[in-house]
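Q: We have chain W; now place chain C onto it with these hints.
Quick note, the sequences are listed as chains W and C, same order. If you're matching positions, the first sequence starts at 1 in the working numbering and goes up one per residue. If you're matching positions, the second sequence starts at 409 in the working numbering and goes up one per residue.
Calculated from the structure, these hints are not laboratory results. Any given hint could be a false lead.
Computed cross-link-like contacts, SDA-like style, restricted to lysine to any residue with a CA-CA straight-line distance of at most 25 Å [said to hold, decoys possible]:
(1) C/535 to W/316
(2) C/535 to W/109
(3) C/724 to W/88
(4) C/535 to W/59
(5) W/127 to C/517
(6) W/127 to C/496
(7) W/127 to C/515
(8) C/535 to W/88
(9) C/535 to W/127
(10) W/127 to C/466
(11) W/316 to C/496
In this text the structure is predicted, and so the values were computed from the model without any measurement.
So you can see what is in the structure, the chains are spelled out below.
Number of protein chains: 2
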Amino acid sequence: MSLVVQKYGGSSVANADRIRNVASRIARGRDAGNDTVVVVSAMGDTTDDLISLAHQLAERPDEREMDVLLSTGEIVSSTLLAMTLKAMGHNAVSLTGLQAGIRTDTQYSRARITSIDPERILQEIGKGNAVIVAGFQGVNSQMDTTTLGRGGSDTTAVALAICLGASVCEIYTDVEGVFSADPRIVPEAMKVDTIGYEEMLELATYGASVMAPRAVELGQAYGVPIRVASSSSDSVGTLICKEGSMELRNKVSGIAHDTNVAKIMVIGVPDKPGIAREVFEPLARANISVDTIVQNAGIDNITDITFTVARTDVVKALSIVEPVGRSIGAARVTSDESLSKVSIVGTGMQNTPGYAARMFRALAEEDINIHLITTSEIRITCIIQEERVKDAVRALHKAFEVEFRQKQ
Amino acid sequence: MSLVVQKYGGSSVANADRIRNVASRIARGRDAGNDTVVVVSAMGDTTDDLISLAHQLAERPDEREMDVLLSTGEIVSSTLLAMTLKAMGHNAVSLTGLQAGIRTDTQYSRARITSIDPERILQEIGKGNAVIVAGFQGVNSQMDTTTLGRGGSDTTAVALAICLGASVCEIYTDVEGVFSADPRIVPEAMKVDTIGYEEMLELATYGASVMAPRAVELGQAYGVPIRVASSSSDSVGTLICKEGSMELRNKVSGIAHDTNVAKIMVIGVPDKPGIAREVFEPLARANISVDTIVQNAGIDNITDITFTVARTDVVKALSIVEPVGRSIGAARVTSDESLSKVSIVGTGMQNTPGYAARMFRALAEEDINIHLITTSEIRITCIIQEERVKDAVRALHKAFEVEFRQKQ
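The shape of chain W in the complex, shown without the other chains (with noise of 0.2 Å):
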């Protein structure tokens, strides 16, 4: 008998029908003599409800009343399950995150596990329940609610499986696993049946959607399989544990894409030693993440600092760095908001000359022009205009596809 946990996200439990298809599913998992675990998400869109109910009455809700707040929509859906799965003839019963013991730092909207005390699921195990943990969710040292920011559930998933020695982490959602570009943009997109942590890493952080970057890293540092399949089919998915073998890596896994993109330029700063700190230090501390920085070492002792951050950071960004531009004797500041990320990610790229030669001709056979280059060891990102995005996948899926091939 194994331990498995399990995830369902919103749209998975959106409505009664679809409890009840999770139901049915946790309920074939345990006939089948498995210890069940299973974390679930808020209906629907019930999180972004109770998020514009909070907007109309407060600009800026105070962080600690908004994570109690949402945590709310997981409890829900988690009870639901629970009285859906007894109704069935199955023991279950719900745990809110405090029940099942998340321990977080104090940091609201996007706090970190601290640790978990296991002691209550184990307790409930032991009499033989599935048990349904609300996901998203912890509490302080000071017995307060927070949540654990977006994609949270996952993170609440893996955690568990880690402390628990699951023997897989199961992530349910409305895709069929991971696949070598987004299927809207590209038809022909192949489903991967397995990938390493750190592709599926870099296709997460860049824009492929299917889980959290924070819960994939998590499984990746304890060494956890993670499963990312459908709730609504029997198909296996795909997934995400190391790498086989260390020499047949595979080149390119797959394209991935990010439109919440915001580039802002500080321009013409007098270059000397300490002025990238006074730029990121205030940006840090108001936790915003910054993802790409390219700074031009520019003629005449005067040099251009560019990054990019999320969309939704950047009025937030600008009101940090205009103030610090002034004080630095930048020239301006000035944003744009209307860019897109392209990345092609694969194990072994670094080793093999000419990926990134192929990159650049294949957007530029299609006319599509490059803002901003970064690499990693296992990606390469283009930023792009956000209007030329689904060119670009599709120009690049068609470039790559003999990889895909092999991989499969």
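A: Just chain C now, kept in the frame of chain W:
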């Protein structure tokens, strides 16, 4: 500086505008220098919506899960109210039942408060916060959420007022206070300025539906004055407190009615000791409240037992009483769900002859048939056909109008 506990019902926080209105009232109280602890119910129809969602998934939803589910409604409204106050520039914090230290027994859906540990509330008051407590909920010894049953938020408010030594517990609702009869039925009904706990209890139990009887009882036991008033006006409402003078008590303070009444008759039972026990013990075990009980000692050692229950309990009560009826040799068990109660309530009636006679005459003059009669020290109740209840209330209000005038 005194401490005031306020409670706002579901209609007072039904939408963003009303939440803002409540926040303004709380803010005014704080500007006047009072420490404030506020108890809120769930917004408008939230609880009913959650119940209907649960019934889509389970015919008889698990009670533990149901309590966790329903408790989210009050958590939502408490956070929204706290963030509204903060947005207005007032210090405020929401607390769940768990955080407010409200401990209960383990009886889901109708838990009783066993103790309150006010540590966190006092700590937040010490920080200068208006403390907004989610009503209707507590936790049992397992730290599982329980709910307090109908009118549970009133009970939360009075219990907190007692525990915190508040000068008054203010219950804000959608009516102006306690009236001599339901103003929707008797337009000339008068608001009562002060009323004793017992009279209020009879009025509340018998359907004045202004506040939960349990909460009045609790206030009486600990001598906490309770003010019932409208959340949308500045009128003083009705103060429920110890009667000022022992002898100068009111006679009739009001006419109450309740349409949630069903009668069950166990007919033709061999009359021997222990019969009543055999009928009522299993009902008590099933947690069904039995109201009026009448046993007609018959001829030939045959007796009929008649009692009333809430209409919502009829199906469950019959499923218990029918087999009992067979086992004790009853001729048959019948039920009638089309009944209502109408009562006159007032301290001192018992020592002044003629009240019952005046009541029966008033009903007779309207050709209203009386099914059952019961009395308490301060109440005379007749059970009549539901279709005549409005006529009965109007006739009785008219018959005792002179008493109300004396009272004012």
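Q: Now tell me if each hint is right for this structure.
A: Here is how each hint holds up against the structure:
| no. | hint | result |
| --- | --- | --- |
| 1 | C/535 to W/316 | 30 Å, violated |
| 2 | C/535 to W/109 | 23 Å, holds |
| 3 | C/724 to W/88 | 22 Å, holds |
| 4 | C/535 to W/59 | 24 Å, holds |
| 5 | W/127 to C/517 | 23 Å, holds |
| 6 | W/127 to C/496 | 48 Å, violated |
| 7 | W/127 to C/515 | 20 Å, holds |
| 8 | C/535 to W/88 | 48 Å, violated |
| 9 | C/535 to W/127 | 42 Å, violated |
| 10 | W/127 to C/466 | 22 Å, holds |
| 11 | W/316 to C/496 | 22 Å, holds |
In this structure, the hints that do not hold are numbers 1, 6, 8 and 9, in rising order.
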